[in-house]
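Q: If you want the building blocks of each chain, they are given just below.
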Amino acid sequence: MMEQPEQEITTTRLPKLETTAKAPARQDTPASMIFDVRNVSIYYGAFKAVTDVSLPIYENEVTALIGSSGSGKSTVLRSLNRMNDLVPGARVDGEMYYRGTPLYDKAVSPAAVRRRIGMVFQKPNPFPKSIYDNVAYGPRISGQRNKAKLDEIVERSLRAAALWDEVKNRLKQSGLALSGGQAQRLCIARTIAVEPDVVLMDEPASALDPIATLAIEDLIRELKRNYTIVIVTHNMQQATRVSDRTAFFSVLTDSKNDTRTGVLVEYGLTQQIFEDPHDSRTQAYVTGRMG
Amino acid sequence: MSTTVKTGPAIPAGPVRGLSLRRPLGDRAFALLALAAGLVVLVILVLIAVTMTQQSTSWFSSEGWSGVFSTDWDPAHGKLGAMAFVYGTVITSIIAIAISFPVSVGVALLLTEVVPRRVAQPIVYVIDLLAVVPSVVWGLWGFLILVPWLQTIYAHIASAVNGIWILGNLFGFLNGNYVSGASFFTCGLILAIMITPIVTSLSREVIATVPATDKEGAYALGATRWEMIRGSVWPHSQTGIVGATLLGLGRAMGETIAAALVIGSSPTITSHLFTPGYSMPSVIANQFGESSGVFRAALIGMGVLLFLLTIIVNLVARAVVERNARRMRGTA
Amino acid sequence: MAVTTQQSVDLREPSGWRRAKNQIVTGGMWFAFLCMLVPLGFVLVTVIAKGASTISWQFLTNGTIPPNILPASIGGMGAAVVGTLVITGLASVIAIPLGILGAIYISEYGTNNPLAAFISFLADVMTGVPSIVMGLFIFTIWVLHYGYSGLAGAFALACLMLPIVIRSAYEMLRLVPNELREASYALGATKSRVTLTVVLPAAIGGIVSGALLAVARAAGETAPLLFTILTVESTNANVFSGANTALSTQIFVNATQPYVGAQDRAWGSALTLIAIAFILMIAARLTTARFTRYSR
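Chains as they are written, first to last, in my numbering: chain A, 1 to 291; chain B, 1 to 332; chain C, 1 to 296.
FYI, nobody ran anything at the bench for these hints, they're computed from the structure. Source: prediction; values computed, not measured. Among the hints, erroneous ones may be present.
Label pairs and their calculated CB-CB ranges [what the hints assert, rightly or not]:
{"no.": "1", "chain 1": "C", "residue 1": "N178", "chain 2": "B", "residue 2": "R327", "range": "24 to 32 Å"}
{"no.": "2", "chain 1": "C", "residue 1": "W30", "chain 2": "B", "residue 2": "N169", "range": "46 to 54 Å"}
{"no.": "3", "chain 1": "B", "residue 1": "A76", "chain 2": "C", "residue 2": "A283", "range": "43 to 51 Å"}
{"no.": "4", "chain 1": "B", "residue 1": "Y125", "chain 2": "C", "residue 2": "S56", "range": "24 to 32 Å"}
{"no.": "5", "chain 1": "C", "residue 1": "A117", "chain 2": "B", "residue 2": "L32", "range": "17 to 25 Å"}
{"no.": "6", "chain 1": "C", "residue 1": "W57", "chain 2": "B", "residue 2": "R327", "range": "56 to 64 Å"}
{"no.": "7", "chain 1": "C", "residue 1": "F121", "chain 2": "A", "residue 2": "R225", "range": "51 to 59 Å"}
{"no.": "8", "chain 1": "C", "residue 1": "G27", "chain 2": "A", "residue 2": "Y44", "range": "54 to 62 Å"}
{"no.": "9", "chain 1": "C", "residue 1": "P258", "chain 2": "B", "residue 2": "R323", "range": "17 to 25 Å"}
{"no.": "10", "chain 1": "A", "residue 1": "G45", "chain 2": "B", "residue 2": "G231", "range": "19 to 27 Å"}
{"no.": "11", "chain 1": "A", "residue 1": "R225", "chain 2": "C", "residue 2": "N178", "range": "53 to 61 Å"}
{"no.": "12", "chain 1": "A", "residue 1": "G89", "chain 2": "B", "residue 2": "V46", "range": "39 to 47 Å"}
{"no.": "13", "chain 1": "B", "residue 1": "G222", "chain 2": "A", "residue 2": "N169", "range": "56 to 64 Å"}
Example chain A residues on the side facing chain C (calculated, C-beta under 10 Å, incomplete) [unchecked claim]:
{"no.": "14", "residue": "M83"}
{"no.": "15", "residue": "R91"}
{"no.": "16", "residue": "M119"}
{"no.": "17", "residue": "Y137"}
{"no.": "18", "residue": "G138"}
{"no.": "19", "residue": "R140"}
{"no.": "20", "residue": "S142"}
{"no.": "21", "residue": "D165"}
{"no.": "22", "residue": "C187"}
{"no.": "23", "residue": "P196"}
{"no.": "24", "residue": "V263"}
{"no.": "25", "residue": "Y267"}
{"no.": "26", "residue": "G268"}
Now the stretches of chain C that chain A is said to cover, found in silico as 3 or more residues with beta-carbon under 8 Å [said to hold, decoys possible]:
{"no.": "27", "segment": "29-37"}
{"no.": "28", "segment": "193-200"}
Where is the CB? At the ideal position from N, CA and C, for every residue including glycine.
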């Protein structure tokens, strides 16, 4: 029962599910800007996947990227932690700043970026290692070797991911043995174990059943207090449930060249996007007429 | 009830320190290590070609190109024509694939079309066991057990077909009433046993790429299994199976020890398969120890020939299998 | 209301020649299997029958191999057993790490990399090079300069094992799902870290299994050793210099001897060699069974 002075182990119970009553209109008073995306276009080789996106993302908010498939939301998300670097031929034009530092500067190390900006994927992908080793993986490759510290980090992260009580007696079991919802929470625990600044989530609940989905959404609302979260989702109700701000993407078809390019149509507070969309395309999408 | 979650020092706003790390030394070193390991393959192949050719130049220079492939082999008197050995290599390998082909394809079809999963397991074990028996054990068994036994069998066959047109030329007597258990045919037989596992597994892989819909379609029309195989499986996979057989050919050509023990060690060029013969790998294995000078250069030179020959056969085999695979991918 | 058919439906198997042909072909396939089974059974039974009587603790461990004329009860093949184990072990130590690294290069550093594709092609070509060529090769570049030794034999066996290990390890690495690599990258790992801490451990079962099969193959090889170790009759503890011996070469030498003692020793050695190969093969199967699961 060692306690470090500046860190406390939390006990969190999942908050009750929100009712569907509309919240009162929010004033837009953003915290500091974490990402400053300016006129960014992303190419895969010659193919332009996304064009001219400008998107400020603010601290301790949940920002949702919504839109029909092929509209580039995942592409934009993955560019925020330079995961697109892994695709041969991927290129980012424009300016992208993370806390004032240009993200794609030549001197910036992608690995260092990803330690600060974590990612949770659509299909839960736990390593074929024990639950403990899954969560301890990130800290270990960052150089943390002390067993006691690792134990503490693992417990803290699993608690924050609302998984501790379910797995605390079987930490040595393989991560592959967990159910879908549990595995995804394990992946979330694994991501926050390195104490990132931002957590990116690419349709984190789309592969899960409805009950597991709600659990993940509750988790997102909890995590927002300490992390900035950007989430891609094709589920509009989910966006309304968890996000503070929403960006709506659409597809520009160029019939001459038979290409489809993603474009940012509208970006604002979630309440405004869904209740009072300014662009007609946004309105068509959120009212279900399109997409 | 929840207490505040504090997960570490608060991250300061403003420009982030520490983002700009150069690519760590360890990462770059590992990439170079992996590259070096890959290059070892290239280096070895190049060295094989270069050094062995160097060592055999005295053979080429003393015999000249015509002499190298002459049928005159008498090392004691400086005659080093290798034709008999090339002939032996080719003949025994052809016998090997002639025997192995029907067996391998038969078992491959058995595994893919006939038997259920559970019965397939023990059959695959048999194939694996066959593959793991070392070459020298086949040679030992071949020499001490098979050769004497086959001697009597050959004698019966030979006296039965002697004088009958082609059969007599292949399986009849060469000199008087003599056949030998240690002969081209026995060598081919043992080689066949040894290459069957690999030809079978490759054929299995090829047959497995035939789309199930084609097979089901044939069955749905009321075809028997044989008719389905002939109509749906064979046209799709014949090229691939030929490729698999060629790979077996390459293996048979290079197989040394078992061949050296049962081939008869007598450089001969003849169509009579029941007579003793010789092949390139066998003569190298048997005579290298006592060789020196140009004789040794000749043996090494034959090693170079073997190297080139097997590489060419391998390349052709791979190209054939790849063409078949590409066509299959297109239709799948 | 039931519908009654006017004509009777013939649901018997296709009659006559079609059926007969089918049965003949199926019979032919089983006969083909028999053709595989018979030689296997024959050789195993012979080796066990003839070798079992020779095998004894003394046979396996006595360090001096007596002259061929003496019966098998005198002396033993211990020298050859040690030789086989040590030389094959040394070859494995050289070839397996090198092969795994080579496979890592082709698999993990190989996207859009023509050199890696070329190396992969060369590795495939190298699997087809006959083992005798490897023996001759090491003879020309090593033995001619440094003499016969167990080390030379190990080099020759390593050349034989290398492409086999590369190929099988590569197949295993390829099977690791890409999502595992992505997860590792997303946690801030560099490429070498991703490979060493996630990809390799995930594939290790299959890699070890493939490596064990390569070792089994090498242990049974004779031709590469003929020109590199110069079979002798006593244990040479120094594998790095001086001629050495191994079970496979001993069998080869003894097979053609007219003496019963020599032949008995050959059978006993053959049984030992087969046992070693079988044990390795079984170990390979067990490893595969225990270790291969990558994703949910």
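Q: Hints the structure violates: just list their numbers, smallest first.
A: 2, 9, 10, 11, 12, 15, 21, 24, 25, 26 and 27
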